[in-house]
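Engineer: Sequence:
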Amino acid sequence: MIYEKIKKIIQKYFLFSIKSTINTLYLPIIIVFIFITGWVSTLLATEQIEENAYNSMNDTVYQTKNYLEYMLSDAFQQLVALSNDPKLLSLNTSEEGEVSPETYVAFDNKLQVIYSHFNVMLESILIDINHGEFTLYRNSDHNFPSMYYEEYFEVYQGNKESYYWRNLHVDPVFNEGNNVVSVFKLIEDIETSTEGIILFNFREDFFKQILDKSLIDGNGYLTLISPDGHFASKEVPEEYQLDQNMITYLQSVDQEVGRLSFENANNETMIALYDTIGVNKWKLVSVIPQSEILNRVNYIKYVTLSIIAVMSVIAIFLSNFVGRVISNPFEKLAKQMKKVESNHPHLDFEMSGPEEMKILHHGFKELNIRIDGLMDQVRLEQEEKRQLEFAVMHAQINPHFLYNTLYSIKGLSDMGLNKDASKMVTALSSFFRIGISKGKEIISIKEEVEHIQHYLFIQEMRYGDDFSYEINVEKEILDYNIIKLSLQPLLENAIYHGVKQKRGQGKIQINGYEKDDIIHLEVLDNGNGIDADKLNDIKKEINAAYGEKKQFIGVGLQSVNERIKIHFGRQYGILIESELGIGTRITITIPKIRGEQ
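The C-terminal residue of the sequence shown carries number 601 in the working numbering, and the numbering is unbroken.
Keep in mind that the hints were calculated from the coordinates and are not lab data.
Take these hints with a grain of salt, some might be off.
Claimed, not checked - Restricting the straight-line Cα-Cα distance to at most 30 Å, the calculated cross-link-like pairs of lysine-lysine (DSSO-like) are:
| no. | residue 1 | residue 2 |
| --- | --- | --- |
| 1 | K427 | K504 |
| 2 | K538 | K479 |
| 3 | K238 | K212 |
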């Protein structure tokens, strides 16, 4: 009786001791570190988020600038190409002084191509030389131009190349109801008394769509600032718009990329980030109130702190509950797992405790059983693969084939046909060189085709006009992978069991093509073919396990099929089709894989 009481007191003391240690020591320490880490992380994250906000704005400006520069540069290059055309300065005129029709047609075709290609951004194009002596144009409204470009020569001066850009303005040439952005070239040649203008008008909507897609919400916006004005992407309250002082500053600043802050009329801090478009040196400026950036940062800060507090409370609760429920089963599992040795990786006990622990224990046991099974399977497959490779090499270095080839070479030498003998020696050496392939199992289809070319050359030299062959392999598949010595066994079957059994000249055809993501390599012969019953037996033997006795096929055919399945998957391999008296088709299917994969 006394012993039992002492036992209960000891058990109660130790249970209380573990629980009190967790609650009074580890949990406070963990909570303190959670708050310290969370606070420091929040400060760092806040700073990083604020910097990321500026970086995001920079990225928006940079990407928008790059797109505008790409589009405007393309159009500007077309303007330069037109203005550099020597026919504009020395027009081909007839004796009456009129421009020749050929010149009109040539330039009209050029304008048509430019306008069609840049229709999304171009509102109109105009070429006017010598006050209407030579005029061509394209515009969406098909309005006739009304052009008085003397004022252009008065206002726009000082550019050495006479190329000028003009910010958003009313279109005085085609339609005064439209607003356009323009780039033009003033042509003035004193020697030829040629004066004129080449004018490209860009759509207002084109710029608005690009600037509005910046995803700058709230009171932020993008604007294009040039020496002659500015183009804002959207309407915002007046206090958030750039005042004239800031516009003048941005027009005159030499720095191409930068960031600045200023106060608006309501004493709010505004942030402006700008970048320069290279083709016309205009500034693309992003303007946004600083408060909108900080609001996002503060929101994330408060949410982060709230989550830290909630997670700390949850951690206290879960640590008590989980520790009490699963600590004992985990200790038992840990003790038992220590007994597991490398030569006996099994758990020979049953787990008691929560259902999750039983599932974990059962899963671990099943995992060990599967690992054993997979290891046995890998060993068997590796052994089978080695046997297959040995069988292929043995079949490849067939003494009869080598003896017959060497005997044929000797016969050619005895007859004085040394060139033919030399070709056969070269083909034989190349045949075995590719067959060895420095020990590599995977080669390219190009190398495999080269290998069978040498084989067929040797057989053709041996058998003369008994058969002919044709190789049709698409160039697109030559760089893909194949297991070496895949086609040669099929050709050997086609020769010895196909065309040699046929009266008259036989024909062998090798085809290679891709269909979807699968490569098909076919060997066709016009031999006697195979009857239906024997063909079914051959198919069964091809798909039978390696090592079983085969009655109708040799090791080469099954080896090709098994090696393809081992390397590429069971869905690939060999397909045999044949019709008695017609011929046989053997198809290899493999996936499209390149290089060392």
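Engineer: Okay, which hints does this one fail, numbers in order?
Structural biologist: 2
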